[in-house]
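Got chain A sorted already, so can you dock chain B onto it with the hints?
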Amino acid sequence: MGTIALRLVIPWLFGDAMDDLRGLESADSGDGKSSAAARAGRLVAINAAIIAGSALVGAVLRTASRLHILGTSRRVVHDLREDLFAKLTRLAPSYFLRTNTGQIMSRAVNDMNNVQGLTGPVFMYIAETALLFAIGLGVMLTIDPAVTLWAVAPFPFFIWRARSLAKVIQEGSRAAQDSLGTVSDKVAESLAGQLVIKTLGLEGPDFERFAVHAAEYRRLNLEVTTARARLMPLMSWLAALAIMLALVAAAPRIHAGTLTPGEFVSLIFYLQMLAAPVATLGFVISSLERGEAALVRIFEVVHAQEGLPERPEHLRPDSMQGELEVRNLSVWREPAPTADGAPAPAPRRVLCDVSFKVPAGTTLGIVGHTGSGKSTLVAVLARQLEVDEGRVFVDGRDITHLSPIWLRRHIGLVPQDPFLFSATLSENVALGVCDATPERIQTAVKIARLDVDLPQLPAGLDTVVGERGVNLSGGQRQRAALARAVLLEPKILILDDTLSAVDRHTCDAILSALEPVMAGRTTLVVAHRISTVAHCDQVLLLEEGRVVERGTHRQLLAHGGRYAQLFEAQAREPDRIEPADETDSADRVTAPSGQEATP
Amino acid sequence: MSRPAPIAPPPEATGLAATAPAASFGGAMVYDPETKSAGAFEPQLLRRLWSYVRPYRRHVVLSLALLIGTQGAGLLQFFLLRHAIDVHLVPAELQGFMWVLAALLAVSLVEYAGRRRQVWLLDLAGQNALLDLRRDLFRHLQRLSSTFYDRTPIGKLVGRVTSDIEALQEMFSSGVVTILGDFVLIVALVFFLLVLDAELALVSFVIIPCLLVATTWTRKHVRKAYQIMTSRRSRMNAFLHEHVTGMALVQAFGREAAAQDQYGAINREMRDAQVDAVTWESLLSAVTDMLSAFTTALILWYGGRLIVGDVTSGAPPELTLGTLFLFVFWMQRFFQPLTDLSHKYTVMQSAMTAAERIFKLMDVRDFVPERVDARAPSEARGALQFDGVEFAYAGGDKVLHGVSFAVRPGEKVAVVGATGSGKSTLLKLLTRLYDVQGGAIRLDGQDVRDYPVAELRRRVGVVLQDVFLFEGTVLDNLRLGHPEIPDDVAIAAANRLGLDRIVARFARGYHEPVAERGKNFSSGERQLISFARALAVAPPVLVLDEATSNVDTETEELLQSALKELIRGRTALIIAHRLSTIRDCDRILVLAGGRLVEQGRHDQLLALGGRYRELYDREYRKQAATAEG
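Chains A and B are the protein sequences, given in the same order. At position 317 of the first sequence (counting the first as 1) the number is 317 in our numbering, and the numbers step up by one without a gap. At position 116 of the second sequence (counting the first as 1) the number is 116 in our numbering, and the numbers step up by one without a gap.
Here chain A stands alone, though its shape is the one from the complex (with noise of 0.2 Å):
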């Protein structure tokens, strides 16, 4: 407030030392006039310096709220930004599958930073913008409200004009970032695979797709460019039309002698003043629309059913036996919304009335198809997915009264493409035991045949991996996320298509190995093979998400149903006689969670 006064002090200064000028040009010369002029130099000497004192003051109290407002805003943002995460991390993993990656990263980068214009700039601009225009047509309508009534009446033409054309820059840029970032990846997929694309010749094809992204780049960058072109000289415009009518408005009341020349300057220099501003004001309406749109986007998160929470009733056993009992089990999934925004088909029966009992310390091996519904099962047993229908069981206890926290304690679940953060090995095998000794560590990462690997990567256990660090292939991410759970020394303990990138040789001794490990545990194995479960004390044959047999494998080959022919099919195929440690990551099931991918 004080800060606004303090700059619209300085045009009425100036104009009244103009006046004090002219009236010395105009006074009767002769005697009178030397000392007239004497107390016009003083009286002008003294506007100038309370202008140069305003000035500084100004200055001072504008970085003063300056701070104060954009200072707040950063931090009002840091707290919503950190609400926003521990949010994240209380969602249920359903969610984290209905919503892709990016869409959480928008809410969380960029309506973030819209919600950051919001309470900062905006509303700085906002209250200043309304204060500049408030106190300053307040003090022109007392120099001349005709003339400041001309001379204001196409602003609110301009502001809007501003408004319409913010919004097309504020959009245009945000597509034009995206675009970047299809070039960016587009050249990235381009370098990355630029063996294949030489071999098979299809530089010519590689290359038109990457002009179409460039092109459709520059074309974006041309749109926004035509507004902001439009947009600037406005502006400066706007100042000039405000001034030619207050000219015309003022040029026969100066003429009559009821304007002064000296305000009529004071009114050029606030029309100047007030015309600034507008081109930000454009962009401050643009982004209060788009921060409240944000800010919606942001509550949708925020109001998200959270997955499972921990409830004060929830039991925490001391223990755990690790028995596990599943019955009339169905679960349903909702499809992934389409892009395209399409009605919705219907969710999908992916569990159907499935039931089975593992004794605790028993192993059970599920096997089945892609697709049907192996990975669901395993993600409902592990506590990541909501039981739908039916009840499920550990030592006795149906697990929705148990604490989720605790169960995941006791619950280990390797999943069969695991993710790595961008720590050091040692740190992402030691994920969810804070206080692992280095032996244990090394340990857990014998027994997951890790250790071979070790002097191959630059600084063994402290190597940096993750995407920000050593790529480790398929096989090796799924050794570590195995020691990981060895670590954990989990009850129950779930292998879902585990060893799916590690060769059968190493295979072999990793179950091995386990073995001792897994005495007194209990073992669920998830594969599509049916060599890998055959060791297994009980099988299950899941389809289409109900289980159609169960038994041993002596049992089941002897039954010669669905079982026994998926066996013989499986031994008729050739199987690969080395490593597939290289094993194109296209073809694995990509949800760290362990959605099925649907073919």
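Worth flagging that the hints you see were computed from the coordinates, not collected in a lab. Think of the CB as a built atom: it goes at the ideal place given N, C-alpha and C, for glycine as much as any other residue.
Keeping only pairs whose Cα atoms sit at most 16 Å apart, straight-line, the calculated EDC-like set for lysine to aspartate or glutamate is:
(1) B:K156 to A:E189
(2) A:K87 to B:D261
(3) B:K156 to A:D185
(4) A:K87 to A:E306
(5) A:K87 to B:E256
(6) B:K156 to B:E166
Cβ-Cβ distance ranges computed for the label pairs, FRET-style:
(7) A:R327 to B:G600: 54 to 64 Å
(8) A:E292 to B:V195: 50 to 60 Å
(9) B:N495 to A:I405: 53 to 63 Å
(10) B:L606 to A:E386: 49 to 59 Å
Using the frame of chain A, we list chain B on its own:
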């Protein structure tokens, strides 16, 4: 240029991360992406940049002319206002006032139209030039050899095509041309102000050195604060991205609180960096505004004294009120370009650094060398001969030690061996992704290095494990890279392999669009498409790297029969992983440690009891037994 020099192992090459520069074919250029440069305005660099702008030079020149014109129009407006004040308003004389108004309207419209066109033209020229540069750079990257990619991180190269070219874009929209325009504006202003009133002009300029010092100093801090903020933001985004992707894991291992703590620390750092940036930025704008107001006060005070002095001495007033007004407004015009100067200099500097990096990459001539007189023999029978082939990857040990064998036209040969035995290197040498370092590979009696590269790759069809599907229809993908193949030939080839059964599930059949990275096909189906692709081209020699991935039983059977169909009647070199494929071949080559240790038929080799027997016993005797039993 036709033979690569042996590549000396770089001193700091360390197994996995051998990214150190190595001598290239030309021997002159070494591409080191890490080179830092001060962003010097080297004439040679500017010349090369200009070669891209040249086609659009008329836009640039016109834009510059318009810029100067509009700057003039802007100044003229205030000059007209001064006239209005001195001639019409102060003496209250309205004669001819309408003309002044009309002139003002005309001039302001000219400024509006001129600036609009100027900004647009400049950006158009920039966008066009940079699109050309981007396309050239991409084509250049496509031509670079595999050896180059072995030692250059892809991330750096992507940065050249995206962020470095962005830096150049920034230079176009707020760089050279506008600096030139600003310069003209400043010179003109100084001149006119001096002409109007030399004494007052000199006084008005007093503040300018302070302004330059203050803005340069604050901007340096603003820039630094923004740099810190940008790096912290990307750290925050990376953390977020990783944790959103791995949230199931965070939850499964009960790491929620720990992750929140980590994020909290990053978030706090981000907030501090932001507050820092805001502080410096507010300071910058406050200082500029304050100094501008000081100048106004100074002009008023000194100008007032001059007027008072004139009046007291009775001399005719040299300085009018209108001129005083003009001084204040023109000086305000003066401030903008000066405060922007240090910013624009930074933009130019980073653009020059970017340009240097881009052109340095363009100078890498690490192409697959092709002889000027390269010609392929007219007859393509498909006879292969490997003759004492030696090879080592840059900075690595030898992977092939004098491998020699010959393949008769129409013969099917399987290559087996453990990982690292050199099987896939043979494939890469045959198609000249790399060149042999000793010995020779001959196709139909001629060294592959004497073939035109494109013709060689047409005669040697390759099916890789990685199937590369582009967006487009299935049919487009079948004749990828060979648009000359007619629809019916491509479809007939695909039908022979049984692909018709797979596309039957789509409403549009072969015209079904392929989703991003072929997501609407299983890995086995993608393999089948790549088989069909090779069959449509019908090369005399086929090199095949058999996929190791698991596919379901039905697809497996389809693939096996498709493979038989694909290699019928042509020479085939198969890096085999499946027992049935191996047994169906005319001959098996066993590689171990980069040497050809055994060759012969399956049963011969088994009877021999050597390396093949060892492989067989270890890897798949069990399966062989179940398959037979």
